[in-house]
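In the working numbering, the protein residues as written are -15 to 281.
It is possible that some hints are incorrect.
Ranges of calculated distance between the beta carbons of each label pair, as one might list FRET restraints [what the hints assert, rightly or not]: (1) Glu104 to Arg151: 38 to 48 Å; (2) Glu40 to His111: 30 to 40 Å; (3) Arg151 to Asn65: 17 to 27 Å.
Bear in mind the hints are in silico, worked out from the structure with no lab data behind them. Positions of the beta carbon are idealized from the N, C-alpha and C atoms, including for glycine.
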Amino acid sequence: MKCKLIILIFVTLSLILVPVGSTQPRIDVFPLEYDPFLWVDEEMDFDIDIANQGDEDLTFNINIVYPDEVENDYLMISRENGVIEPEGLLGITGSYRFGLLQEGHNIAEILINSNDPDRETVVFRFHAYVWWPYLDIELAEGWNLISSYYSILHINSMEYIWREQVRHDELIITKDGEGRFFLPAFDFNNIPLWNFREGYLVKMAEASTLQIDGEPVEADTPIPLDEGWSMIAYFPEEEIEALEAFRNIEDVLIMAKDGDGRFYLPEREFNNMIHLRRTSGYLLKVSEDVEFIWNAP
-15 MKCKLIILIF
-5 VTLSLILVPV
5 GSTQPRIDVF
15 PLEYDPFLWV
25 DEEMDFDIDI
35 ANQGDEDLTF
45 NINIVYPDEV
55 ENDYLMISRE
65 NGVIEPEGLL
75 GITGSYRFGL
85 LQEGHNIAEI
95 LINSNDPDRE
105 TVVFRFHAYV
115 WWPYLDIELA
125 EGWNLISSYY
135 SILHINSMEY
145 IWREQVRHDE
155 LIITKDGEGR
165 FFLPAFDFNN
175 IPLWNFREGY
185 LVKMAEASTL
195 QIDGEPVEAD
205 TPIPLDEGWS
215 MIAYFPEEEI
225 EALEAFRNIE
235 DVLIMAKDGD
245 GRFYLPEREF
255 NNMIHLRRTS
265 GYLLKVSEDV
275 EFIWNAP
């Protein structure tokens, strides 16, 4: 799945008239041609050319300015300063880190400051409009055992993923299968990052909808299981009965449980779990380390 990113680049240019016989540097800045409609999912480059149209050396330095609400510096440039001889031209390469862009309108300014007395600063304006594909996970008040079948392309820290629920005081706690937890009321988190292969136990103060951005993973993506208990994600598009879903590990599976306490005991041939489905997480206990792949149709 591709993410739609529309890039609009603006640069302020004006004609500078230099009196005959005067000596001074004269800056001119121009970008290369851009296609304003791009489909990208990785780091992209763009070019800025800086020219000296005067008859003295032009010295310049570059600063990048973001609005106050920007959380990450997503722009990079190949050099921050330099000297250009009269009638010289220097190309600067810029790039943006796609994964750090925020959904919606991203704005930044590249300020090119120089010793041109008539034009001390040229502003290169960067606009990026981003719409991320996302998955909705419905959360009930109380405990939920959830998972995502999306591989996150954007920021995958717990603080970022749960930002809306934290802002509205909806999230009480998030726990992973190793006992680590995110407790926003106490500003505590020891879960490194959201892992799309894992399930998470979540307690909510009220019902909410969690949005995960990224792209769907294949149903046959392997999930490594350590001996003992694990909380895992569910990938297949179809809803599958537990006996079929876990057939690939039936020799080592001791128990499978869902978030409502229903369970499957292969050794006793007992199952009261409803069909497994996406966005739910599942608890598994296995007798040895194994690589698990969902037995999807």
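Verification of the hints:
Under the hint 38 to 48 Å, the C-beta atoms of Glu104 and Arg151, about 41 Å apart, fit the expected range. Checked against the given bound of 30 to 40 Å, the beta carbons of Glu40 and His111, roughly 34 Å apart, stay inside it. Under the hint 17 to 27 Å, the C-beta atoms of Arg151 and Asn65, about 40 Å apart, miss the expected range.
In the structure shown, a violation is registered for the earlier hint numbered 3 alone.
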